Structure formats: C-alpha cells, structure tokens
Amino acid sequence: MLFRLIMLLNILHLSVGPDARDDDEIGGQGFGSVVQIFVAIGALVLIGLIVLGILSLTGQFQLDHFDPLT
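Residue numbers (our numbering): 44 to 113.
If you're looking for bench data, these hints aren't it; they were derived computationally from the structure.
Among these hints, one or two may not hold up.
Label-pair restraints from in silico Cβ distances [what the hints assert, rightly or not]:
| id | residue 1 | residue 2 | range |
| --- | --- | --- | --- |
| 1 | G85 | M50 | 40 to 48 Å |
| 2 | G96 | M50 | 54 to 62 Å |
| 3 | F74 | G102 | 38 to 46 Å |
| 4 | L92 | F46 | 53 to 61 Å |
| 5 | I97 | M50 | 57 to 65 Å |
| 6 | F74 | Q103 | 39 to 47 Å |
For clarity, every value in this text was computed on a predicted model and none was experimentally measured.
Where is the CB? At the ideal position from N, CA and C, for every residue including glycine.
With these hints in hand, go ahead and build the complete structure from the sequences.
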C-alpha cells in the first residue's frame, strides 16, 4: 500500500513538474475553433426550428409549401 502511494505521488510529480508543457504548447486550439463554429451553427438551426414550430402551431406561418403541419 505504501509502495503504491509513493509510486502515485511520483507519477503525479512527473506530470505536473517543471518539465510539464504549458497549455499554450499543447495545441488543439484549431480543433476547438472548428467545434465552436459547428456548435454555433447547430444552435442557430435549433433556434430556427423552434421559431418555425411556434409559427406553425400558432397559425402565423405564411408559406404553405413549407408549413410543417400541412
């Protein structure tokens, strides 16, 4: 048990020691930007669908070809 604890502390010290890389050097910022763009587009599409649903349910939808309830 003591040996495992010492090994765990040793591993933790190596991963957060002075040789650990900073967040700036890890990378992945480009992928994060792409994910953020897709999330924003998905949120806009969801808002649009909610607005279309509300307009359709209240009978204020003017375009008969695109009315979801007809």
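Query raised in the report: Which earlier hints can't be squared with this structure?
Result: none
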